[in-house]
Each structure stands twice: as C-alpha cells, then as structure tokens.
Amino acid sequence: MRQGVRRIASAAAVAALSTGTIFAFGAGTANAATNIGDGVLDPSLTEVNILNFNDFHGRIDENNGGATGLAFADNVKTSMAKYDPAKTLLLSDGDNIGASPFTSMSDADNPTLAYLNALGVEASAVGNHEFDKGVDDLTGRVSTAAAFPYLAANVYAKGTTTPILDEYVVIEKNGLKIGVIGAVTQETPALTGPNATGTVDFVDPVDAVNRVADQLTDGNEANGEADVLIAEYHEGAGAGTPEGATIEQEVAHGGAFAKIVTQTSAAVSAIFTGHTHKEYAWDGPVPGEPGQTRPILQAASYATFLGHVQLGFDANKKLVQYKVENLPTSTVDQSKPEGQQTMADWKAKYPAIWQIIDAAIQKAAIIGKEHLGNVTADITTAYAAGKRDDRASESTLSNLIAQSMVDVLNDPGRSGADIGLMNPGGVRAELLFNDGADNTGDITYAEAAAVVPFANTLQTIELTGAQLKTVLEQQWQTNEDGTIPSRPYLQLGLSDNLTYTYDPAATQGAHITSVSLDGAPLDLTATYTVVGSSFLIGGGDNFREVAAGQNMKDSGLIDTESFATWIKDKGTLSPSFNRHAVVTNGQPDAVTIGEQTSFAASGLDLTSLGSPSNTELTAYVGDTAVGMFSVSEGAATIAFTTPDGIATGPATLKLVATPSNTTVTFPVTVNAATPITPPTTEPPTTQPPTTEPPAPQPTVTVDHAKIAPGSKITVKAVNFSAAVGSMAQVELHSDPVTIGQMSVGSGGSATGVFTIPAATTRGAHSIVVTAGGVTASVQITVTASGGKGGTLASTGADVAPKLEVAAIMLVLGGGLTLAGRRRNG
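Here the sequence shown stands for residues -32 to -1, 1 to 793, numbered as in mature numbering (1 follows the signal peptide of the UniProt record, and there is no 0).
To be clear, the hints were calculated from the coordinates, so they are not data collected in a lab. Just so we're clear, the structure is a prediction, and the values are computed from it rather than from any experiment. It is possible that part of the hints are untrue.
[Unchecked claim] Label pairs and their calculated CB-CB ranges:
1) 536 / 607: 42 to 52 Å
2) 741 / 607: 25 to 35 Å
3) 108 / 380: 38 to 48 Å
Positions of the beta carbon are idealized from the N, C-alpha and C atoms, including for glycine.
Build out the structure end to end from the sequences listed, making use of the hints.
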C-alpha cells in the first residue's frame, strides 16, 4: 500500500536550514539497534526488508545478449521471494538512466524504465543523471514512463521552496508504515550543466531529509506520518570496502558523506547511498545515541550488487536488530553450456522482463550495426587496479576524443577551434580491438556511441592563455564554496597540441608549472578558441573558468553523432601513448653554459590498456640533445651540463620519452658561461672579518627513495629550530594523506617511522613535514614491488597553507514510495 502527498516546504523550515539548524525529533528518535551479522532476526520482532540498488545506468544489456539485465532480475526476484514480498520493499537510489549502454541509450532509456517497472521498483531517489536531458524531461517523459515515484526533498523550482518531485512516499509492509525520503547530491548543477538544471535550486540534502523526517514523526496525521523512516541519498563515500576504506576514514575526510553519517536524523532507521559507485555495508553512528548504530550501505553500480537491509522492530516500533549486506549478482559465461543453460532458464523464468530486453536489443541492433571504422589496438580510459575509468589519470581515449572535436570543428564551413578538452566522466566505454563479438578491431556505431553517450552539443568558447592555465589548475577540484568534492582530481583529455608540466605537491592554484601549445610556451595574453561538450563549456565538473570565457558558440553538432562521423572519416584509429602531462620536481627556469642542471620527471607512462613502459628519456635545450637518461616505472632523474654552442637567451627545454614518444617542453633562459675571475690577494688584516653564518634550512630525509605500498619508511627532519617542543605533521602527497606525527626535539630535529598507505598508487610522491609554520619535503617513488634507494633530501621554508583534500561525494536518493507531496499540493 502506497501513500503519496507532495507538500511545499514552509518558509520557516527553509529558513532553519539556511541557518544550519540541526533538527531535534521527538517520536521515533530511539532507532538505534544491534547488527546481528550472520545471525537470525529475533522471531518476536516485526521484520521489514529493503532491497536497494544504485547507479544502474541502463544496464539492461551490456552487449552480452541481455545477460546483465537477466542476472540482476534473478538477484532481485530470488531475494524478494526469500524475504517475502509482504515484508520487502524494492528501492533505487537514483541514476537509473543516463550514461547508459547503447541498447538503452539508443531509445532514450525508455527500455530501462520499462524494465524497472517490470522488476517491481516501488520508489527511487532521483540521481544527477536523471537531469541529463533537463528538468522538463525528468518531470515529464521520465516521471510518466516510470511506474514508481522519483523522490527529491532537496530540489526546488528556482527561487521558491516548491519541490519539483515528491519528497517522500509512505509504503506499508508487514503492518508498518515505511516512509522513504529521497535526496540528490547538491553538486548536480556542476555535473549536468546549467542548460539542464538552470530552472531549479539544489539545497543541502541532509537538511532536507531531516526536515521531512521531522514532519513524518511530529504526530500530525494531516502532514503525513510514518512508523519507519528510510533515507535514500544519491551521494556517497569516496572509497569503499574493496579499496580498504572504513566508515571512520571516510567521515574523517569531511564533506557530504560525513554529514550524512553524523547528522542524518536519529529517526531514520537505515541510510542508503549512491553516486560514487562504491561498495560498502557499514554500521553508522546514531546522533544522540552513544554506542548505537544503524546500517549505511551502497551497492557499487551497474547492477553488480543488490543491497539488503533487514530491520527488526519491537512492539513499540523501535528498531532493535538489523543486518546489512550487499548481495552479488551472478555472472554467466555464455561460451560454456552451463552458462547458455542459465540464460535459457532466466528467459523462461522471467518472460516479461526478457521481452523488454530482447525488444530493446533488436531495436538497437538496427541502429547500431553500421560499420564506422577500425582500431589497430585498444584505445581505452585509464586503468587502476585492473579496472577502467580511472578519472584521475590521463588516457589514450580521452585525448583521442578531445582531438576529434578539434578536427570536427575545423572541417570546412565550421567555426574552427584551436584546442580540445574532454571531461573524463563523459567517457563511458572503450574502443577495443577484441570487443567480445569479434577480434578484428571493427568499430560499429553502437560501440562509438557507447563511448560518448550523453548527446551533448559541441560548443566553442574563447579563453585567454591565463584562463586556460586556470582550467588546468581546476583539475584539482573544488566546489563553488571552496569545499573538496568526492572526486578531488579530474584529469582532462587534451588535443594533440597541448602539453603541460606540473607539481602535484604544490598549493592550490600553483600546480601547473608550464603549458605549451605546439611545443612553444603558451601565450598567457593571447586568446584561444576551445571546443568541448556543452557540459564542459557550461562549467560542468567544477571547471568554472571554462564558462568564464567569451563568445560561446553552439555548433549544433551532437557529440555522440560527431564522434561516430569522425571515426567514419578517419577509417582506422591507432592509440597514441604520448602523455600530455608530466610531473617535474625542481624544474629549472634557466640553464648556464658549462654548468650542471638537475631535476626529476615522473608520471611518464600512461595506464590505458596497451600502454608501454618507457625506458629512456632524452633532454634537449632548443634542438640540441644534452643527455639521455634511464626511465624506471615512469620516472627519471635528469642531470646534464649545458654545452657550448647553444645560443643564449630564451629557449625551451624538451623531454622526449621512448618508446611512448611522451613529449613535454617548458621555457628556460640560457645564460652565458660564468667568467672565470683570477683570485686577488688581499693584504692581511689584524682583525678577521666576522661573518654571520646563514641559518640552516629545514631538511627532510628518508631511508628509502623507492618503496612499496604498505612498507615502513623512516623520516628524519632537521633544522626545524622554530618548532622545538611542538609536533611535526607528516603527510604523503599527491593527495595529502596524514601518515603520522613526530616530536621536534631541542635541536630542531625529529625522527619517526611511518607506513606508506596500502592504497597508494605507484609513481612520484612527496613526504611533506610541517612544523612551526615551516614546511620541507622529499620526493619518493612508490613502486609496485618496492625497492631500496639512497637517502633523498629537500630543503626550503614554505609558509603557504597546505591544501587539505577532503573527498566525498554524494548522497543518494531514496527509493521507497513515501507519502511524498505533489508539487501542486
């Protein structure tokens, strides 16, 4: 039984939210309980089960004959039968549609909505991707096609407190009225672009959920009441159980997820999250109930898991026991007879669902079978720990797409473009030589469309060189209010002509150390025409400086279609393993003839499939090669003496790594050789001059220059005389992670042994010690297998504040049908 009433948030309630009030609740606040783990619920308790999934993204089919959709349907239906439909709700946390594979995307995700209806979804939080085609599409076509309500307590018509969707729904199960409250990440405007969400306001999701929870437990039947409250936040933790994260660590990062965990009303019995595509089933603290917990869960993404929370209530409708778990969805190997039999069994067992999937596959096949071209080898997103879509790393595919947009806009009759940019979140599939259907490198329209499925238009905007440099700085992400989002770094794809060097340990706004266009230093005062998707040109993904440009023009070309057309024109594509962004440490701005220059470079290797490991790096001053250096695990130390014969004045220093051909340049000034002055003899003096010795600089050394994740490292700091008696903070950069503290002794020195976090990615990092307002650092290389190296040291006082990277993303919206009010009252 479902009740639904949409109500308008009172001005007083919204005012309370704006002042940061944390609401107190009367009835229903004592909802703390014990996690029974693998135990059995006390039979005297009233049982309610919630099955929940998130970030489905149209996975009714993944070019596998509908196996994904059938397997997930089997997970849902089997679980529903196990826990009794009369006692069980099926909910979604949002992003049911959008960024979908071709089977669903080619028909505007209508097949997915039909599939979810057949699956029996009873309510869903709205996700950011439900807004991909705009508010009107969501409140019109999508909401009409869905047999379940979409919930959003924190989205209002712009300038009002009128919700555009139901805030909640109340569903009765096993004699209890269960209120499901939905909310979506407040970052949605940055994730969808102003053209999609410009007519609505997004407010704090936790404040909105607490406001509705207060309403549903105030004893006033006229405004809706519920015995049990469930929160569905389309927002979540930045890391989950597979990454080794704990709820305590994720809360310590701060941000949206921390607030969900620590400030969601105690009246809420269970919290479902999503958006960040992480998998965890944790016990969260209950505000005002010391020592008590409640379940907090996210079920990864793409139908790989089905979240399950079982709740047991006593006669007073108080939560006493619960269990929380993620139920894995089966996979089938259709190359084997048993896999084929499983598919046949599922089709027979779920005929209505199979009919929807099969019809979608047949329709998409007609659209998508067109041959466009071929790849000679895999062209993919960046990989980390064996998984695709590492959005914090450069990739062959993102760079390819960025170049394709430049080529398309430079076709005869088009407006033209100098530089292409591609946001990593817009790349949703790979171009594989062996795609499972064949091993010929064939690219079909369906495969190309799956790579860029959002159907954004290509737009251009004019940026100065200084603005473009700021855009590259904004890869180190901040929200508009200065907070750090769940993904603290997003690596843009770049057209072939743009490269840069950077220092990942630098302070915010100072990471980019050089930018080059066509091998020459970028002119910061010149104006360049930049092309990207309408999402990025509108400032999406927090790249606000892009939107600050001038003379924006819409090409009228859809990115999905133009990418397919570009592939067809090219015919054959090959991956370029030339990395566009390289880390430098100690990057020089001048070289002197006859004198030595030394610095380090790292991050020379890509992580896309097939990327080679570089072995050598050649340095050039101008066109003159000045040295060849070995490369190990993407890093090299460069040390050379600038030879005679090089013209003095402005020049470039170029680094070329082989075999990838990674090439970056940065400007230097070539100074003439220092004249040799013969020594002069001074007459002796009766009184030797007094010279004030220079103050020793703070220095940090480590016992291992190369080290494996999880290993111990000894850190020694000296000359921190200004910090005697205080504690020195020890951090691991690029993303700042505190690994410990050590006491500064009377001589200004400190020594400690620390552990490199097990999840640290390989490559160049820095150990940074801060004490008494002074900072010094030393570079290390984190390797896959570990290694011993000589002691390294770095000196220098740096009183600039350190960047705190606190990632957390989003919340999740909720799937139970609540007595959610209708926007018209």
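Verdict for residue 536, residue 607 (Cβ pair) under range 42 to 52 Å: 48 Å Cβ-Cβ, so the 42 to 52 Å window holds.
Quick check: does the Cβ-Cβ distance between residue 741 and residue 607 fall within 25 to 35 Å? Between residue 741 and residue 607, where Cβ atoms are some 33 Å apart, the hint holds.
A range of 38 to 48 Å was offered for this pair. Does it hold for the Cβ distance of residue 108 and residue 380? 39 Å, holds
Violated hints for the displayed structure: none, as all numbered hints are satisfied.
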